[in-house]
Amino acid sequence: SQKIEQNSEALNIQEGKTATLTCNYTNYSPAYLQWYRQDPGRGPVFLLLIRENEKEKRKERLKVTFDTTLKQSLFHITASQPADSATYLCALETNAGKSTFGDGTTLTVKP
Amino acid sequence: DTAVSQTPKYLVTQMGNDKSIKCEQNLGHDTMYWYKQDSKKFLKIMFSYNNKELIINETVPNRFSPKSPDKAHLNLHINSLELGDSAVYFCASSHLGEDYGYTFGSGTRLTVV
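Note that the protein sequences, when read in sequence, are chains E and V. Position 62, counted from 1, in the first sequence is what this note's numbering calls 62; the numbers after and before it change by one each time, with no gaps. Position 92, counted from 1, in the second sequence is what this note's numbering calls 92; the numbers after and before it change by one each time, with no gaps.
Okay, chain E solo, but in the shape it has when bound (with noise of 0.2 Å):
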């Protein structure tokens, strides 16, 4: 059956630390994948998409990887600061339109 996979429910990380999430799937052939923050009461917001043929995108202090051998992205928070602390959700999205959602892994930066 499918599953989308996020790392953990929760990191802490160290202000001014990278942080790391990783999104691992089974069962998917996505055209592409996508990060999306949401803090608590709000709906997600939407970070960055990388395309399969993709391996890497970069926005400001946020990377994204995508490997489609692994079924794996990594999303990185370099010079990590406490306002980024949210949860962060990776999404799937085939070429029929459909994204299906990870559950979350809650990031907290420590001052």
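Honestly, the hints are just simulated from the structure, not real lab data. Glycine included, each C-beta is placed from N, C-alpha and C at the ideal position. One thing to keep in mind: the hints can contain errors.
Per the computed footprint, the stretches of chain V lying under chain E, defined by three or more beta-carbons under 8 Å from a beta-carbon of chain E, are [unchecked claim]:
| no. | region |
| --- | --- |
| 1 | 41–53 |
| 2 | 100–112 |
According to the in silico footprint, chain V covers these stretches of chain E (three or more CB under 8 Å from chain V) [as the list claims (entries may be wrong)]:
| no. | region |
| --- | --- |
| 3 | 40–47 |
| 4 | 98–106 |
Computed Cβ-Cβ distance ranges for the label pairs, DEER-style [as the list claims (entries may be wrong)]:
| no. | chain 1 | residue 1 | chain 2 | residue 2 | range |
| --- | --- | --- | --- | --- | --- |
| 5 | V | 39 | E | 5 | 17 to 27 Å |
| 6 | E | 42 | V | 30 | 21 to 31 Å |
| 7 | V | 83 | E | 59 | 39 to 49 Å |
| 8 | E | 70 | V | 12 | 41 to 51 Å |
| 9 | E | 82 | V | 12 | 27 to 37 Å |
Dock chain V against chain E, hints included.
Chain V only, in chain E's frame:
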């Protein structure tokens, strides 16, 4: 201006009632969605409409009926509400095929008592 707006933000109602949640987007997107987020924060797609046409209809009880009067609006009507329907419901929109992801509304927290 709010890009994707949902009303109401909170909805508390008794079992057996019928209720509606409204959603509007002013982004000019051609596709709109309803997602349900349960207490474990898992986001699950329910429905998707593209230019007023239903394109995704997941395994959802037929007590849930979406309606899209035009491509800027997607409403969700729920009949005979049950305790298990309590969740946060998110509306979202996107342009199919574009690299901008989905734009979500701020959610409607439905509590059935």
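With respect to the beta-carbon atoms only, verify the hint that residue 82 of chain E and residue 12 of chain V lie 27 to 37 Å apart.
holds, 34 Å
Are 3 or more residues of the region 40–47 of chain E near chain V, judged by a Cβ distance of less than 8 Å?
n = 7 at 8 Å, threshold three: holds.
Range hint compliance [Cβ, residue 70 of chain E to residue 12 of chain V, 41 to 51 Å]:
holds, 45 Å
Residue 42 of chain E paired with residue 30 of chain V, Cβ distance criterion 21 to 31 Å
With a Cβ separation near 24 Å, residue 42 of chain E and residue 30 of chain V satisfy 21 to 31 Å, so the hint holds.
Taking 17 to 27 Å as the hint, is the beta-carbon distance of residue 39 of chain V and residue 5 of chain E inside that range?
holds, 19 Å
Are there three or more residues in the region 98–106 of chain E whose C-beta lies closer than 8 Å to some C-beta of chain V?
holds (count 6)
Taking a Cβ-Cβ distance under 8 Å as contact, does the region 100–112 of chain V have three or more residues in contact with chain E?
holds (count 8)
Okay, residue 83 of chain V versus residue 59 of chain E on CB: inside 39 to 49 Å?
holds, 42 Å
Do three or more residues from the region 41–53 of chain V put their C-beta atoms closer than 8 Å to C-beta atoms of chain E?
holds (count 7)
No hint from the list above goes unmet by this structure.
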